[in-house]
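Working from the sequences, and respecting the hints, build out all of it.
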Amino acid sequence: MQIIGLFFISIGAGAIGAILGLGGGIIIVPVLTLLYGMDIRISVAASAVSVIATSTGAAVAYLKERLANTRVAIFLEVGTTVGALTGALLAGVLAESILFSLFGLLMAYSAFLMYRARKTELPEGVTPDAISQRLRLAGSYYDQALDRLVLYNATRSLAGLGVMYLSGTVAGLLGIGAGAFKVLAMDQIMRLPIKVSTATSNFMIGVTAAASSMIYFTRGDVQPLVAGPVALGVLVGAVLGTRIMVRLKGSTIRLLFVPVLVIIAIQMLWKGVFS
Amino acid sequence: MAISGQKAAATPGVELVAARLLRMGSVSSALLIAIGLAATLFSLTEALSVSVITAGLIILVCTPILRVVGSLWVFVREGDLLYTLFCCIVLLALMGGLWMGSTH
Numbered sequence: 001m002q003i004i005g006l007f008f009i010s011i012g013a014g015a016i017g018a019i020l021g022l023g024g025g026i027i028i029v030p031v032l033t034l035l036y037g038m039d040i041r042i043s044v045a046a047s048a049v050s051v052i053a054t055s056t057g058a059a060v061a062y063l064k065e066r067l068a069n070t071r072v073a074i075f076l077e078v079g080t081t082v083g084a085l086t087g088a089l090l091a092g093v094l095a096e097s098i099l100f101s102l103f104g105l106l107m108a109y110s111a112f113l114m115y116r117a118r119k120t121e122l123p124e125g126v127t128p129d130a131i132s133q134r135l136r137l138a139g140s141y142y143d144q145a146l147d148r149l150v151l152y153n154a155t156r157s158l159a160g161l162g163v164m165y166l167s168g169t170v171a172g173l174l175g176i177g178a179g180a181f182k183v184l185a186m187d188q189i190m191r192l193p194i195k196v197s198t199a200t201s202n203f204m205i206g207v208t209a210a211a212s213s214m215i216y217f218t219r220g221d222v223q224p225l226v227a228g229p230v231a232l233g234v235l236v237g238a239v240l241g242t243r244i245m246v247r248l249k250g251s252t253i254r255l256l257f258v259p260v261l262v263i264i265a266i267q268m269l270w271k272g273v274f275s
Numbered sequence: 276m277a278i279s280g281q282k283a284a285a286t287p288g289v290e291l292v293a294a295r296l297l298r299m300g301s302v303s304s305a306l307l308i309a310i311g312l313a314a315t316l317f318s319l320t321e322a323l324s325v326s327v328i329t330a331g332l333i334i335l336v337c338t339p340i341l342r343v344v345g346s347l348w349v350f351v352r353e354g355d356l357l358y359t360l361f362c363c364i365v366l367l368a369l370m371g372g373l374w375m376g377s378t379h
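Protein chains in written order, with my numbering: chain G, 1 to 275; chain B, 276 to 379.
Since the hints were made in silico from the structure, they are not lab data.
Just so you know, not all the hints are guaranteed correct.
Quick list of in silico lysine to any residue cross-link-like pairs, SDA-like style, CA-CA up to 20 Å [to be verified]:
#1 G:Lys119 x G:Lys271
#2 G:Lys64 x G:Arg148
#3 G:Lys119 x G:Ile189
#4 G:Lys271 x G:Asp39
#5 G:Lys64 x B:Phe317
#6 G:Lys249 x G:Gln188
#7 G:Lys64 x B:Val302
#8 G:Lys249 x G:Leu146
#9 G:Lys64 x G:Asp147
#10 G:Lys119 x G:Asp39
#11 G:Lys64 x B:Leu341
#12 G:Lys64 x G:Gln188
#13 G:Lys119 x G:Arg134
#14 G:Lys64 x B:Leu291
#15 G:Lys64 x B:Ala322
#16 G:Lys64 x B:Met299
#17 G:Lys271 x G:Ser97
#18 G:Lys64 x G:Val246
#19 G:Lys64 x G:Ile244
#20 G:Lys249 x G:Ile16
#21 G:Lys64 x B:Ser318
#22 G:Lys64 x B:Met370
#23 G:Lys119 x G:Val239
#24 G:Lys249 x G:Ser97
#25 G:Lys64 x B:Leu373
#26 G:Lys271 x G:Leu255
Computed from a prediction, not measured in an experiment: that's the story for all the values here.
Right, here's the structure in full:
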């Protein structure tokens, strides 16, 4: 039956989302529209709710493991939420196909960067900048795969905030890629360990998805018999995903990220060229 | 200048509050959704079971907002002006987005 099928597919989406710091939307939306032939609005609404499910399900474990950095999250959420407002304001003003194509290329380039960095386990020689010291963004966690305590710092905080603002705007305009942007910004710009980046991204995406979800709810796009099994499956999958993620090495997570970035790039370029 | 990771990670307040709120939200929403779905699968009153699922979904959607509010409360209690400000900006931006969305 449809409900059961949705539930089990969503477990997979939730697990992948929890491991990589994404919301699972890149799986849920195509599955609902292509596999189940559902209306795009219902699919996007169910996906937004499922992003909250991934975020909430994974965050509990990542907070306990001290992988999700709440101060970094709240600091960067200032950027994403204000950016989402900008994105909503700009919707209809900018040519979305150009943006889709541009960011598709950006994602493809990021996939290349991530592939190049695939052997990197932990960042080295990271000097905290003044803002990260003032905001106490540094942290530590126990890495189960490496069997050691990892102390880390954050750098280029303002640049990170700026990219978060951009990512929020893009997510508000285009509707996909928010989680990937967050992980990339924290990993490449602020030079946090990859596991901290993915866990903190998971912690953050719930807030950005909550605003859009509430709007979809009021429009009646959230169908209980679609969003219900999807959200439940994603919750279960996210909890399972956290158990897997803490045992993975950072380099493995980087490698897993590459095909996901390629898929997002293809999805974006497709929309840019064909819409 | 030296590694300050250990000192910086010594504020359990926010993490604990956030974890508790998120766990309460996810568990209660999961229970409601599961009950509602099970009721639908066993062909019990459709309208009631759909309402139960919807209630679970509403709780799920509100959970991240509650997380920000809970964090705000912790920062106010700790007297952390900067992070209190950050939480307020986030909440205001969320409300602004809601208002914009509802006027379309």
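So, going through the hints one by one against the coordinates:
no., hint, verdict
1, G:Lys119 x G:Lys271, "violated, 32 Å"
2, G:Lys64 x G:Arg148, "holds, 16 Å"
3, G:Lys119 x G:Ile189, "holds, 18 Å"
4, G:Lys271 x G:Asp39, "holds, 17 Å"
5, G:Lys64 x B:Phe317, "violated, 37 Å"
6, G:Lys249 x G:Gln188, "holds, 18 Å"
7, G:Lys64 x B:Val302, "holds, 16 Å"
8, G:Lys249 x G:Leu146, "holds, 7 Å"
9, G:Lys64 x G:Asp147, "holds, 17 Å"
10, G:Lys119 x G:Asp39, "violated, 41 Å"
11, G:Lys64 x B:Leu341, "holds, 18 Å"
12, G:Lys64 x G:Gln188, "violated, 25 Å"
13, G:Lys119 x G:Arg134, "violated, 32 Å"
14, G:Lys64 x B:Leu291, "holds, 8 Å"
15, G:Lys64 x B:Ala322, "violated, 39 Å"
16, G:Lys64 x B:Met299, "holds, 15 Å"
17, G:Lys271 x G:Ser97, "holds, 7 Å"
18, G:Lys64 x G:Val246, "holds, 11 Å"
19, G:Lys64 x G:Ile244, "holds, 15 Å"
20, G:Lys249 x G:Ile16, "holds, 15 Å"
21, G:Lys64 x B:Ser318, "violated, 40 Å"
22, G:Lys64 x B:Met370, "violated, 29 Å"
23, G:Lys119 x G:Val239, "violated, 27 Å"
24, G:Lys249 x G:Ser97, "violated, 37 Å"
25, G:Lys64 x B:Leu373, "violated, 31 Å"
26, G:Lys271 x G:Leu255, "violated, 26 Å"
In summary, the structure is inconsistent with hints 1, 5, 10, 12, 13, 15, 21, 22, 23, 24, 25, 26 from the numbered list given earlier, while agreeing with the others.
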